[in-house]
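Protein sequences appear in the order of chains A and B.
The first sequence begins at 0 in numbering that gives the first Met the number 0 and counts up by one.
The second sequence begins at 0 in numbering that gives the first Met the number 0 and counts up by one.
Bear in mind the hints are in silico, worked out from the structure with no lab data behind them.
Hints may be right or wrong, so weigh each one.
[Stated by the list, open to error] Some chain A residues judged to face chain B by a derived CB distance under 8 angstroms, without partners named:
#1 Ala124
#2 Arg127
#3 Leu193
#4 Lys194
[Said to hold, decoys possible] Think about it this way: if two alpha-carbon atoms lie no more than 27 angstroms apart in a straight line, the pair counts; the simulated DSSO-like pairs of lysine-lysine are:
#5 Lys179/A - Lys194/A
#6 Lys179/B - Lys194/B
#7 Lys194/A - Lys179/B
#8 Lys45/B - Lys194/A
#9 Lys194/B - Lys179/A
The beta carbon of each residue, even a glycine, is placed where N, CA and C say it ideally should be.
Okay, here's what each chain looks like letter by letter:
Number of protein chains: 2
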Amino acid sequence: MGRPSASERKPYNMDAIVDVAVQVFLRRGYDGASLDQVAEAAGITKASIYYHASGKEALLARGVGRALDALFAVLDEPAAQSGPAIDRLRHVMRRTVEITATRLPEVALLLRVRGNTPTERSLVARRREFDHLVATIVAQAQAAGEVRADLDAGLVTRLLFGMLNSITEWYRPGGGLSAKDIVAAATRIAFDGLK
Amino acid sequence: MGRPSASERKPYNMDAIVDVAVQVFLRRGYDGASLDQVAEAAGITKASIYYHASGKEALLARGVGRALDALFAVLDEPAAQSGPAIDRLRHVMRRTVEITATRLPEVALLLRVRGNTPTERSLVARRREFDHLVATIVAQAQAAGEVRADLDAGLVTRLLFGMLNSITEWYRPGGGLSAKDIVAAATRIAFDGLK
Numbered sequence: 000m001g002r003p004s005a006s007e008r009k010p011y012n013m014d015a016i017v018d019v020a021v022q023v024f025l026r027r028g029y030d031g032a033s034l035d036q037v038a039e040a041a042g043i044t045k046a047s048i049y050y051h052a053s054g055k056e057a058l059l060a061r062g063v064g065r066a067l068d069a070l071f072a073v074l075d076e077p078a079a080q081s082g083p084a085i086d087r088l089r090h091v092m093r094r095t096v097e098i099t100a101t102r103l104p105e106v107a108l109l110l111r112v113r114g115n116t117p118t119e120r121s122l123v124a125r126r127r128e129f130d131h132l133v134a135t136i137v138a139q140a141q142a143a144g145e146v147r148a149d150l151d152a153g154l155v156t157r158l159l160f161g162m163l164n165s166i167t168e169w170y171r172p173g174g175g176l177s178a179k180d181i182v183a184a185a186t187r188i189a190f191d192g193l194k
Numbered sequence: 000m001g002r003p004s005a006s007e008r009k010p011y012n013m014d015a016i017v018d019v020a021v022q023v024f025l026r027r028g029y030d031g032a033s034l035d036q037v038a039e040a041a042g043i044t045k046a047s048i049y050y051h052a053s054g055k056e057a058l059l060a061r062g063v064g065r066a067l068d069a070l071f072a073v074l075d076e077p078a079a080q081s082g083p084a085i086d087r088l089r090h091v092m093r094r095t096v097e098i099t100a101t102r103l104p105e106v107a108l109l110l111r112v113r114g115n116t117p118t119e120r121s122l123v124a125r126r127r128e129f130d131h132l133v134a135t136i137v138a139q140a141q142a143a144g145e146v147r148a149d150l151d152a153g154l155v156t157r158l159l160f161g162m163l164n165s166i167t168e169w170y171r172p173g174g175g176l177s178a179k180d181i182v183a184a185a186t187r188i189a190f191d192g193l194k
């Protein structure tokens with residue numbers, strides 16, 4: 000994504016502050032976290048944060064925005080735009096696992112946003128819009144007879160993405176499992192079932 | 000579970016305090032929540048809470064314990080104890096959905112416990128023990144040739160329960176969906192797949 004690595008990063012740039020803010024929000028909960036704690040974790044002053052961001056909500060929007068931007072970009076990829084709906088669904092599921100594995104903190108934070116402030120409500124609305132667009136692909140696959148049509152498309156989408164989202168709870172990069180292993184297992188369960 | 004309903008409940012009993020504490024912990028995050036906030040939400044004094052519970056950790060243990068006790072009790076049910084492993088797995092999945100639907104706040108809180116204190120670590124350990132026992136049933140079903148054996152049993156368990164656990168994110172009792180609808184969709188996806 001063109002973000003500099005930790006070693007190249009200048010201490011006060013916006014991306015580096017967002018990295019730290021995401022970690023602090025995950026650890027303490029967004030409501031419980033303060034800008035003072037973000038500043039302390041980043042080793043800078045609160046004034047330095049205000050130089051880059053208008054406040055806590057702006058940092059949340061940037062952090063969660065990274066996950067949402069990456070997920071929405073998937074829907075614009077050629078493999079999500081044309082071809083049988085079942086293949087488009089498979090592509091979106093695969094890319095969602097890959098994005099979750101590479102942007103684990105941002106996706107974890109996205110899943111915890113609850114919508115108490117206008118910023119949070121707008122992030123929740125974008126997440127719902129993504130879910131809705133995926134449910135449309137599921138419904139198209141059902142209409143085309145490519146997947147079973149005896150289950151509600153919205154419910155199927157929630158269950159499938161519940162399965163994929165759970166990755167944020169237990170996946171640790173560099174552990175025994177790769178994103179590829181998870182994609183293989185999740186898509187086999189989803190499309191072919193365990194039997 | 001023998002818990003009195005809201006109308007019968009005496010204002011200061013332990014169960015009623017735990018009900019309120021679970022809600023406060025969910026809303027503010029366990030780390031961010033204080034006993035003062037629990038007392039205020041319950042409309043009682045902090046001294047009244049201390050009459051029943053030694054502190055915040057004890058309330059968390061009781062609240063999350065309700066979910067864990069109910070889940071472990073499932074593993075002792077006859078249908079989880081004997082018969083083909085695939086049927087035992089199906090039973091555990093069905094009962095997990097039912098317990099999640101009826102104890103939504105307690106299960107949601109269980110899924111958010113992160114393990115910063117000895118109490119939290121012990122709750123996380125009990126949850127892992129449950130996951131491990133379910134993974135054993137998956138492995139037995141694989142060994143018996145009842146479900147596909149080309150996927151790691153632990154990974155399958157995590158994905159299946161990720162799907163079921165996501166219910167806490169979107170299920171609202173009294174909405175259009177019943178626990179039975181969710182059981183039907185989740186078990187069809189899990190065992191037969193979408194195709």
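Consistency of the hints with the structure:
Interface hint status for Ala124/A: violated, as the beta-carbon distance to the closest one in chain B is roughly 15 angstroms, over 8 angstroms. Against a cut-off of 8 angstroms between C-beta atoms, the interface hint on Arg127/A is violated, since the closest Cβ of chain B lies about 10 angstroms away. For Leu193/A, the interface hint holds, the least distance from its beta-carbon to any beta-carbon of chain B being 4 angstroms, beneath 8 angstroms. Among the interface hints, the one on Lys194/A holds; its C-beta lies about 5 angstroms from the nearest C-beta in chain B, closer than the 8 angstroms criterion.
With a C-alpha separation of about 21 angstroms, the suggested pair Lys179/A and Lys194/A falls inside the 27 angstroms cut-off, and the hint holds. Under the criterion of a C-alpha separation no larger than 27 angstroms, the hint pairing Lys179/B with Lys194/B is consistent with the structure, at around 21 angstroms. This hinted pair checks out: Lys194/A and Lys179/B have alpha carbons roughly 21 angstroms apart, not beyond 27 angstroms. Distance check on the hinted pair: Lys45/B and Lys194/A sit about 54 angstroms apart at the alpha-carbon level, beyond 27 angstroms; violated.
For the given pair, Lys194/B sits about 21 angstroms from Lys179/A by alpha-carbon distance, which is consistent with the 27 angstroms threshold.
When held up to the earlier numbered hints, the structure conflicts with 1, 2, 8 and fits the remainder.
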